[in-house]
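> Take a look at the letters that make up each chain.
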Amino acid sequence: MCQECGCGLPREVSIHGPASGGMTSPVPQPSHVSERDSASATAAAAPHAHDAADHQHAPRTLDLNRSLLEKNDRLAERNRGYFRAKRLLVLNVLSAPGSGKTTFIQKTAELLAGQCRLGVIVGDLATDNDANRLRAAGLPVVQITTGTVCHLDAEMVARAANQLELDSLDLLIIENVGNLVCPAAYDLGEDLRVVLLSVTEGEDKPLKYPPLFHSANVAIVTKADLATVTGWNRDLALANLRRVSHHAAVFELSARSGDGMQAWRRFLLQARDALTAGQR
Amino acid sequence: MHELSLIQDALRVATESARRAGADRVLGLRLRVGMMSGVVPEALQFAFELVCRGTLAEGATLEIESVPMVCWCGTCEAEFVCEDYLNECPRCHGLSGDLRRGRELEVASVKVA
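In order, the protein sequences belong to chains R and L.
For the first sequence, the working numbering begins at 1 and goes up steadily by one.
For the second sequence, the working numbering begins at 1 and goes up steadily by one.
Hints were generated in silico from the structure; no laboratory data involved.
Predicted model only: the values in this text are computed from it and were never measured.
Some clues are possibly wrong.
Unchecked claim - Derived SDA-like pairs (lysine to any residue); straight-line CA-CA distance at most 20 Å:
1) L:K111 <-> L:L27
2) R:K208 <-> L:E42
3) L:K111 <-> R:L64
4) R:K86 <-> R:R74
As the list claims (entries may be wrong) - Calculated from the model, a selection of chain R residues having no Cβ within reach of chain L, i.e. all distances over 10 Å:
5) R80
6) A113
7) A136
8) V149
9) H151
10) V181
11) A184
12) P211
13) T228
14) R234
15) D235
16) A263
17) F267
Just so you know, even glycine gets a beta-carbon here, dropped at the ideal spot from N, CA and C.
Next comes chain R alone, as it looks inside the complex (with noise of 0.2 Å):
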């Protein structure tokens, strides 16, 4: 999939934190790029002195099991650990390009207001588009803008979340790459994944992308308003849902007409309690 989106060439990620107004910082590459020239370096290192003419190596194998994740996967725990001490309860969204994930989080912040404190870390290749729509509406928002990354890591969420007051804060909410592949195998460390999936996306998008949909705590409809325009059919569509993310809560909802939002608002102010009662 990456090889149509370029993902994996060495591009800069940058992050634009709510106070540097949209400046770009100066930020290191994407850890992925530094290990490819560590790579690079590794090899292109002199090889090691011979000095008995005998010297020879027979072929010979050895057993690593070692995850590819595993980087990830450590810095996701850190970056869960943290949020835990902050008390912060942590969303992934996630969903295909246009499911309505930045109106989703911007409709929901307006229905916490007053009872629960959002920030919001933005992830897209390009423009800070999602990030100043977000601002408009009042939240502290860092954009993280990956370049030809097409998913977030737990490294970017990091040094995003170092740009936000996490203190003040009681909800933390990750908006992934549009991307229905990649972010499905990188833990950014969230308490809930929350995966959208739009009436105009077709019933059996959860049969295409099994991993993704696999890994939701919480799936979601989004656009129900326009179900009956896009021919949804809303049986078999939660059918689907529930062979491939069983396991997940599901929520059917339209963000711009409000219809389901309460009982969305109801379980996340849940969620946020009893993850505070858990620490007490």
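Based on the hints, put chain L in the right spot on chain R.
Then chain L, alone, in the frame of chain R:
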């Protein structure tokens, strides 16, 4: 998935391990790739040749061991293999979200000389 960056990581793990073991060359790499990892094996193969050029692993072979998706059925108290990504137990037809294997993305072993 970002197969190129993943294979770069795998190569780094392989070359570092080879050097630690006092070897000069990486002859082959064995990866374990789960069916639910989201990774395309063909894309890994394609990227592998590319990243190995000019390294200790130039000309090395890449073997991919595919790991099926395996879930645990609480009703039957047994594991079952999901061939179709759906989580239905073939015995009781109950659904399970308890994934036991299938997300692996690991360097299993490396052959060095």
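> So, for every hint listed, does it hold in this structure?
Going through the hints against the structure:
1. L:K111 <-> L:L27: Roughly 5 Å separates the two Cα atoms, so the pair holds.
2. R:K208 <-> L:E42: Satisfied, since the Cα-Cα distance of roughly 19 Å is no more than 20 Å.
3. L:K111 <-> R:L64: 10 Å, holds
4. R:K86 <-> R:R74: 19 Å, holds
5. R80: 18 Å, holds
6. A113: At roughly 34 Å from the nearest Cβ of chain L, R:A113 sits farther out than 10 Å, so the non-interface label holds.
7. A136: Answer for R:A136: holds, closest chain L Cβ roughly 32 Å.
8. V149: Violated, because the least Cβ-Cβ distance between R:V149 and chain L comes to about 7 Å, which does not exceed 10 Å.
9. H151: 7 Å, violated
10. V181: 5 Å, violated
11. A184: 5 Å, violated
12. P211: 5 Å, violated
13. T228: 29 Å, holds
14. R234: Since the minimum Cβ distance to chain L is about 19 Å, R:R234 lies beyond 10 Å and the statement holds.
15. D235: At roughly 17 Å from the nearest Cβ of chain L, R:D235 sits farther out than 10 Å, so the non-interface label holds.
16. A263: 22 Å, holds
17. F267: 18 Å, holds
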